[in-house]
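Put chain A on the given structure of chain Y with help from the hints.
First to last, the sequence lines map onto chains Y and A. Numbering-wise, the numbering used here puts 166 at position 166 of the first sequence, and it's gapless, one number per residue. Numbering-wise, the numbering used here puts 329 at position 329 of the second sequence, and it's gapless, one number per residue.
It should be emphasised that the hints constitute simulated quantities derived from the structure, not laboratory data. Mixed in with the good hints there might be a few duds.
A pair counts as met if it fits within one copy or between any two copies, since identical chains are not told apart.
[Said to hold, decoys possible] Mimicking PhoX-like on lysine-lysine, the simulated pairs with C-alpha atoms at most 20 Å apart in a straight line are:
id, residue 1, residue 2
1, Lys41, Lys120
2, Lys377, Lys317
3, Lys90, Lys377
4, Lys41, Lys52
5, Lys79, Lys103
6, Lys103, Lys377
7, Lys185, Lys74
8, Lys377, Lys339
9, Lys74, Lys377
10, Lys92, Lys79
11, Lys389, Lys446
12, Lys90, Lys52
Protein chains: 2
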Amino acid sequence: MNETTFEIKATGSIAEGVNLPPVDPDQDFKGYRGLSLAVLKATGARVWCSIKMSTDQGDFIGTLLPRSETADDKHFVIKLTHNGYNVGIKAKSVTHIEILGYKKAVYAIPEKEFPKDPAKPNVVLLGTGGTIASRLDYRTGAVIPAFSPGELYGAVPELADIANMNTKKIFGEFSENIGPMHWRKVAEAVVDEIENSNVAGVVIGHGTDTMHYTAAALTFMVQNLPCPVVVVGSQRSSDRPSSDAAFNLLRAVKTAAEGDFAEVMVCMYGPTSDNYGLLHRGTRVRKMHSSYRSTFRTLSDVPIARVSEDGFVPIKKEDEYIHRDMTRTPILNTAFEEKITLLWYYPNMQPDIVDAMVDAGYKGIIIAGTGLGHVNKPLYPALRRAVEKGVQIFMTVQTLWGYVQMYVYDTGRDIMEIGVTPLANMLPEVAYVKLGWVMGQTSDPKEIKRMMTTPVNGEITEREPFDGYLVHQGGLPELEDFFKHYQV
Amino acid sequence: MNETTFEIKATGSIAEGVNLPPVDPDQDFKGYRGLSLAVLKATGARVWCSIKMSTDQGDFIGTLLPRSETADDKHFVIKLTHNGYNVGIKAKSVTHIEILGYKKAVYAIPEKEFPKDPAKPNVVLLGTGGTIASRLDYRTGAVIPAFSPGELYGAVPELADIANMNTKKIFGEFSENIGPMHWRKVAEAVVDEIENSNVAGVVIGHGTDTMHYTAAALTFMVQNLPCPVVVVGSQRSSDRPSSDAAFNLLRAVKTAAEGDFAEVMVCMYGPTSDNYGLLHRGTRVRKMHSSYRSTFRTLSDVPIARVSEDGFVPIKKEDEYIHRDMTRTPILNTAFEEKITLLWYYPNMQPDIVDAMVDAGYKGIIIAGTGLGHVNKPLYPALRRAVEKGVQIFMTVQTLWGYVQMYVYDTGRDIMEIGVTPLANMLPEVAYVKLGWVMGQTSDPKEIKRMMTTPVNGEITEREPFDGYLVHQGGLPELEDFFKHYQV
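Excised from the complex, chain Y in its bound form:
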């Protein structure tokens, strides 16, 4: 342990009538070290104390939680009393801690040896944000403290009924910081596991903020899959009563172990109940609510299947998804051109926005236009200039649902004549990811256009199913029946 001396400005106090038991150094500072430990010792606060923590950023009232052994030494984690959220607070920002109470909780997850059963399939869980399961953090797929197979088994013993689990941490990153470099590492790890570890499928723990971008990137970077690759996360940590963490993890592992799918999918909570999750195709899924558990929706298409503890109920037809075939060898291609951008059109957008991107050296632009794929006239000369400088420009729709149709109006055809290529019903975010991947492989404009308009797996579809605009309920029969009577 690093025994640096810290200069601590924080002070401590104990509210009237609060009695603390004698200090147990093994438990009372669990997971804290360095600066954060020094602040605890200086203020008298301990894990499981109910506290009011005053900081440069204001006061926080809640319970001081233990941290994992691998956590940094710069933060406290407090479960806020008023909403149950766990928040991280910088140790150096703390000015005072008032201890309001103490109630020791049973929080540690009993670590048990994960029982291996040679008759069961092997599944690997790749971590991208530290740890997963007990508290499946929505931005990192991280958790305190379960991540080793033994810890996972202690937290969610039902996992052992499904598969022999192994876990590997690839990196630890907040979801919003994940980018091409991380996609590459995950893609390489997926292929490595499939080729060398005799797995039936791969599960990737991921923060939910950018999970859909990663699922799209993996679809392009790892093709010809023999088995399921399932990206999973959680919107609510497992220490909240409404957590989706264990549900999602169990269903993702079940999909990897037994599912007859060989695609990159997002496995998250279904729209309306605890009873099932949905498997979304990696190129047609988007995060649509900032806080609900049912945040992921398949757009302009239907989810692949419903998954529950009882098994799978396909929503797509047999010939509309890729089936498991363990004789296939995955093809890895992680090239990525980072100098690309996504331009979300708004009324009165001025050409200097486009000019600035061209001048900054951007080589590719995805536009999310209005309606069927439009931008205002003042942008035309800037777009023309960009094309003349070799910038590759593609059009998607900001309505998110539906197709670009630029031939309907002559202004649309004018934009195409400038050299902007429509991308049918590709989601703007998926188009952004695909453009980077395509331009990582070729700088030939014709080849870029060909690859962009040729779907790898469902990012462009010929037609939208009748229920592709609905919030798909995943096969609840009563609702399916209901919607059949209505046309949009």
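Frame of chain Y; chain A shown alone:
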């Protein structure tokens, strides 16, 4: 008529077996003049001919339609055979016209005098894209040829059962070209009508691409309304069997004439049937499908009411919307700062994007962040630099549904410390419009923040109703019952 001589490169031919009647100059070139007329005469083609028109942009097969007297002289309009769309084609791009057949259609709308009934309320229809009703173009709210009250009455005689109609053209613009200058003109016209024309309500014909931006702008620019202001358009022109043009117009006029609402609303097709339309609050509505009629959805809230020929079924509670009160005087405030932008975050966004906007003189930025309102760490220094230069920055969520909650993670609090202000559940596009309007009135950072975070009419709500994430069906009882059993 301008008798300029044109140099025509286009040639004409007639398919075998096609017989054309003698030319009727009054009807056969209806609405065509100048260059377009010269091309028709040179090629032998006429209105109502089924033709194959070869152009620089490819071939178009369809029926040549008549145009309105006020149309330009540079385009042909053809109804495409394969999908029923009407497309505009540049006369100068035509190289050859092959006549495939001829079938005269009854297309002209009988113009009748609009019957005025002193017992009925007066409603004015303000046109922003030329004309409205018979063919309600989805981008312009335009139509060929009905727009005068008499033409409207000829096309949709049921209008006379509801109100005494007057019509005024404010400007003619494709929806994607509409911006602050146009919002200002519409706002002024709305106030002028309310103050000087004894109207029960105002209807605004508008292209659907950017209708929601305009509805938001009018909400801010015209406050303290005594009566309904209804923005209406159509996704499918009325010469298509599935048109929503007459439905939408009738319901918008009914709302303006009789509705107990005093808000800016969007009146468009309901999600599932011809039987009703929905009235969406101007600050909570968004175009969500590029081509469906049911494209407009209320997000993170429920629509105000369902409207049909039979009347109104409120979806919001009595105290959740503003009721008609003809004693109120509207307050007009059309100031707008145009140097603002909307930045839609994507993974790996690089700081040069933010720097470029600051360097180009942008004074305000709305960010659409991931999840609860996040961007990646490399942007922090660029955002800090922007704030130090006086740029006003606000955070919304790109999930579209749900709230920004930046206090949950310390990275969120870091972004707030930089000076980025969270905007709760304001839609990114609405935030963009509001920022321009607010910064048009004040440059005081504190006042800008105060105004941005103080809702004018529902752009921020305290909580999302239980069914705010659903695709609201507008009060279909069976579905309402159904959803009550499920929680998201």
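For each hint, the structure was consulted:
1. In this homomeric assembly, lysine 41 and lysine 120 never come within 20 Å of each other (Cα to Cα): the closest approach is 48 Å inside a single copy and 79 Å across copies.
2. Proximity of lysine 377 to lysine 317 under the C-alpha cut-off of 20 Å is found in neither arrangement, the shortest distances being 43 Å within a copy and 42 Å between copies.
3. Proximity of lysine 90 and lysine 377 under a CA criterion of 20 Å is satisfied inter-copy only: 16 Å between copies versus 49 Å inside one chain copy.
4. In the homo-oligomer, the alpha carbons of lysine 41 and lysine 52 lie at most 20 Å apart inside one protomer (16 Å), although the nearest pairing across protomers, at 85 Å, exceeds that limit.
5. Taking the closest pair of Cα atoms, lysine 79 and lysine 103 come within 20 Å of each other only inside a single copy of the chain (13 Å); across copies the shortest separation is 75 Å, beyond that limit.
6. When the C-alpha separation of lysine 103 and lysine 377 is checked against a cutoff of 20 Å, the pair qualifies neither within a copy, at 65 Å, nor between copies, at 37 Å.
7. For the identical chains of this complex, lysine 185 and lysine 74 are neighbours neither inside a copy (27 Å) nor across copies (55 Å), given an alpha-carbon limit of 20 Å.
8. For the homomeric pair lysine 377 and lysine 339, the shortest alpha-carbon distance between copies (18 Å) is at most 20 Å, but the shortest distance inside one copy (26 Å) is not.
9. Only between protomers do lysine 74 and lysine 377 lie at most 20 Å apart by alpha-carbon distance; the minimum there is 17 Å, versus 52 Å within a single protomer.
10. For a Cα distance limit of 20 Å, the shortest separation of lysine 92 from lysine 79 inside one copy, 19 Å, qualifies, whereas the shortest one across copies, 69 Å, does not.
11. When the C-alpha separation of lysine 389 and lysine 446 is checked against a cutoff of 20 Å, the pair qualifies only within one copy, where the shortest distance is 15 Å, while the shortest distance between copies is 42 Å.
12. In this homomeric assembly, lysine 90 and lysine 52 come within 20 Å of each other (Cα to Cα) only inside a single copy, at 14 Å, whereas the closest approach across copies is 71 Å.
Hint compliance for this structure: hints 1, 2, 6, 7 are not met, and every other hint is.
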